[in-house]
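Colleague: In case you want the letters, here they are:
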Amino acid sequence: MSDQNPVSWPEADLSRIPFAVYCDNEVYEKEQQVIFRGPTWNYLALEAELPNPGDFLTVKVGDTPVLVDRDEDGNIHAFINRCMHRGMLLCRENKGNSVNHTCPYHQWSYDLKGNLLGVPFPKGHNGHGGLPKDFDRKDIRLQALKIECYQGVIFGTFSNKAEPLVAYLGPEVISEIDRLFHKPIKVLGYQRQQIFGNWKLYNDNVRDPNHGGLLHMFHATFGLYRLSQKGGAKLDARGRHNITWNALGTDNKEATSQGYEGTKKVYKPKFKLNDPSMLKNINEYADDVTLVILSVFPNVIFQQIANSLCTRQIRCISANKMELFWTYFGYEDDTSDMTQHRLDQANLVGPGGLISMEDGEAVELVQAAIQRDQDKHARVEIGGKGEIKTQESLVTEVPIRGFYSYYCELMGFPTGEYASIT
Amino acid sequence: MISAKVRYSIENLIADYAHYIDDDRLEEWLDFFSEDCVYKILSRENVEQALPLELLSCRNKNMLRDRILSLREANIYNIHFDKHILGAVRILGVKRGDYSIQANYSLYQTNLDGESMLFSVGTYRDLITFSNNTPLFKEKIVVVDTFGISRLLSTPI
Chain C
1 MSDQNPVSWP EADLSRIPFA VYCDNEVYEK EQQVIFRGPT WNYLALEAEL
51 PNPGDFLTVK VGDTPVLVDR DEDGNIHAFI NRCMHRGMLL CRENKGNSVN
101 HTCPYHQWSY DLKGNLLGVP FPKGHNGHGG LPKDFDRKDI RLQALKIECY
151 QGVIFGTFSN KAEPLVAYLG PEVISEIDRL FHKPIKVLGY QRQQIFGNWK
201 LYNDNVRDPN HGGLLHMFHA TFGLYRLSQK GGAKLDARGR HNITWNALGT
251 DNKEATSQGY EGTKKVYKPK FKLNDPSMLK NINEYADDVT LVILSVFPNV
301 IFQQIANSLC TRQIRCISAN KMELFWTYFG YEDDTSDMTQ HRLDQANLVG
351 PGGLISMEDG EAVELVQAAI QRDQDKHARV EIGGKGEIKT QESLVTEVPI
401 RGFYSYYCEL MGFPTGEYAS IT
Chain D
1 MISAKVRYSI ENLIADYAHY IDDDRLEEWL DFFSEDCVYK ILSRENVEQA
51 LPLELLSCRN KNMLRDRILS LREANIYNIH FDKHILGAVR ILGVKRGDYS
101 IQANYSLYQT NLDGESMLFS VGTYRDLITF SNNTPLFKEK IVVVDTFGIS
151 RLLSTPI
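These protein sequence lines map, in sequence, to chains C and D.
Heads up: the first sequence begins at 1 in the working numbering, then just goes up one per residue.
Heads up: the second sequence begins at 1 in the working numbering, then just goes up one per residue.
Simulated from the structure, these hints should not be mistaken for laboratory data.
Treat each hint with caution, since some may be false.
To be verified - Which residues of chain D face chain C? A few of them, derived with a C-beta cut under 10 Å, are:
{"#": "1", "residue": "Phe81"}
{"#": "2", "residue": "Asp82"}
{"#": "3", "residue": "Glu115"}
{"#": "4", "residue": "Ser116"}
{"#": "5", "residue": "Ser154"}
Stated by the list, open to error - Cβ-Cβ distance ranges computed for the label pairs, FRET-style:
{"#": "6", "chain 1": "D", "residue 1": "Val6", "chain 2": "C", "residue 2": "Tyr105", "range": "34 to 42 Å"}
{"#": "7", "chain 1": "D", "residue 1": "Tyr8", "chain 2": "C", "residue 2": "Cys149", "range": "39 to 47 Å"}
{"#": "8", "chain 1": "D", "residue 1": "Ser100", "chain 2": "C", "residue 2": "His106", "range": "27 to 35 Å"}
{"#": "9", "chain 1": "C", "residue 1": "Val395", "chain 2": "D", "residue 2": "Thr110", "range": "35 to 43 Å"}
{"#": "10", "chain 1": "C", "residue 1": "Lys270", "chain 2": "D", "residue 2": "Ile85", "range": "53 to 61 Å"}
{"#": "11", "chain 1": "C", "residue 1": "Lys230", "chain 2": "D", "residue 2": "Gln49", "range": "36 to 44 Å"}
{"#": "12", "chain 1": "C", "residue 1": "Lys253", "chain 2": "D", "residue 2": "Ser131", "range": "38 to 46 Å"}
{"#": "13", "chain 1": "C", "residue 1": "Asp71", "chain 2": "D", "residue 2": "Asn12", "range": "51 to 59 Å"}
Every residue gets a Cβ at the ideal spot worked out from N, C-alpha and C, and that includes glycine.
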């Protein structure tokens, strides 16, 4: 944005990404306004986390603190987590149950729908002080987000220009959410990971099926995910969301050895796990897909890796730091053995995940290496240039270009020839 | 009354456990566990909500061996040195010859530029058994206060 850090998109197919978008504070500020408060739907939480009236939890949309609750009528609400009086964080706990929300600073209290209930000493004391005569508490409500729930997944938007949620997600994403939430779920717990990189670097990471079989040696070595397996990347019509999928056991030794030739460190067929139970997939769906990484623009990933299910919420901290918030779940009717299996497989991902621990490291090392060369570009060509469309192989990073096509539209960045004149 | 000899053995085990991690002797470190051991790292956030999810969980020694195998052969993680600082050991009780103990730790990590940072603070809640007069961890449960994991969790805590 600034003269020192020109943001230029020289290729109309978004195959060059300016490093400045990962570093520049002005870009970050604008993203908070036009992406996270723009016409997008942000993942907030799961309804299963708020089963009872009065249940609440606090999350972030971008870097805005947001309070989500369920009212007496069973309806979900979300508000900016800030008192309308002097701006204090209204609710400090991560999670809880309460009949109302009371600000610790001056005890202003709000009902579960966000209406101001009361202010202490409204008439002051001895005829002095208190609220002015024209103060009407009915005028004061917490600043609300618009909410839509689909299959128990709660999304919120700050914008009244957002299309309806189902249209925003599109039929490809809807069918994956239907699959993952085909019966009632129960939450197993949370994990949090501080990642020292820009929030978009993580979005890039999950839209890059290619790295899954190369960076994550555990995957390739132990066979859960290899680039030689049946899989691909499904995009929605706008290319902004992505579904990476594969089916384990669909590779053969020859194709795998050939593909991984020259990367002997990645695929090491001689190693075997002492306890291979963690690699076992118990089929739960009407297909043979064993891995789904569904990324919804701009802030959530839904995951199935064998029987390990979770959501990953991207929370911004600054241009060069983010928190990844993981919510693991199983199904309500899981046997205790199945719950144990899911807990065992939780070892595969998260900050200590045998597969995924690398992602935090990769993102940080990109962030560190690009700082001084913000006018340079990342090269995104694997899977081909030009049209952004669904991919029939895992050796692709086309979904990254899909993300930036919508990103540039929202940010108002010109792309292509015009954008290359700097 | 816990005998001085038992206390001495338990404290030695806990000190060895930490120093073997810090010295990157993880293959030998496995010998501090019984074959039916449980090794878990729990997030305080989940413990307080009675949620079962762990940050890391090995329900037998083979799973623990696999963790070390994966670290050595398959994982890419931030290269660092670990340094454990241990608090006083409380022996909470003994049941059928197994001792339950509690001890706080802090764990610093130092990167290749020589910068150190506090990586994790928390509490060990362990069950220690004696086999041929040698103390072994039957359960090593690490409850981390630092549940917002900085970067990633690779080497054991």
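Colleague: Are the hints correct? Go through all of them and say.
Modeller: To see whether the hints hold, each was checked on the structure:
Using the Cβ-Cβ criterion of 10 Å, the hint placing Phe81/D at the interface with chain C is not satisfied: the shortest such distance is roughly 16 Å. This hint is violated: Asp82/D has a C-beta 14 Å from the nearest C-beta of chain C, more than the 10 Å allowed. A hinted interface residue such as Glu115/D counts as satisfied when its beta carbon comes closer than 10 Å to some beta carbon of chain C; here the least separation is about 13 Å, so the hint is violated. Because the closest C-beta pair between Ser116/D and chain C is about 16 Å apart, greater than 10 Å, the hint is violated.
Proximity of Ser154/D to chain C holds as hinted, the smallest CB-CB distance being about 6 Å (cut-off 10 Å). The hinted window of 34 to 42 Å between Val6/D and Tyr105/C is violated, with their beta carbons roughly 53 Å apart. At roughly 59 Å, the beta carbons of Tyr8/D and Cys149/C sit outside the given window of 39 to 47 Å. In this structure the supplied range 27 to 35 Å is violated for Ser100/D paired with His106/C, their Cβ-Cβ distance being about 46 Å.
At roughly 38 Å, the beta-carbon separation of Val395/C and Thr110/D lies within the given 35 to 43 Å, and the hint holds. The hinted range of 53 to 61 Å is not satisfied by Lys270/C and Ile85/D, whose Cβ atoms lie roughly 39 Å apart. Here the CB-CB span from Lys230/C to Gln49/D is close to 39 Å, well matched to the stated 36 to 44 Å. Between Lys253/C and Ser131/D the C-beta distance comes to about 42 Å, which sits within the given range of 38 to 46 Å.
About 57 Å separates the C-beta atoms of Asp71/C and Asn12/D, a value consistent with the hinted range of 51 to 59 Å.
Hint compliance for this structure: hints 1, 2, 3, 4, 6, 7, 8 and 10 are not met, and every other hint is.
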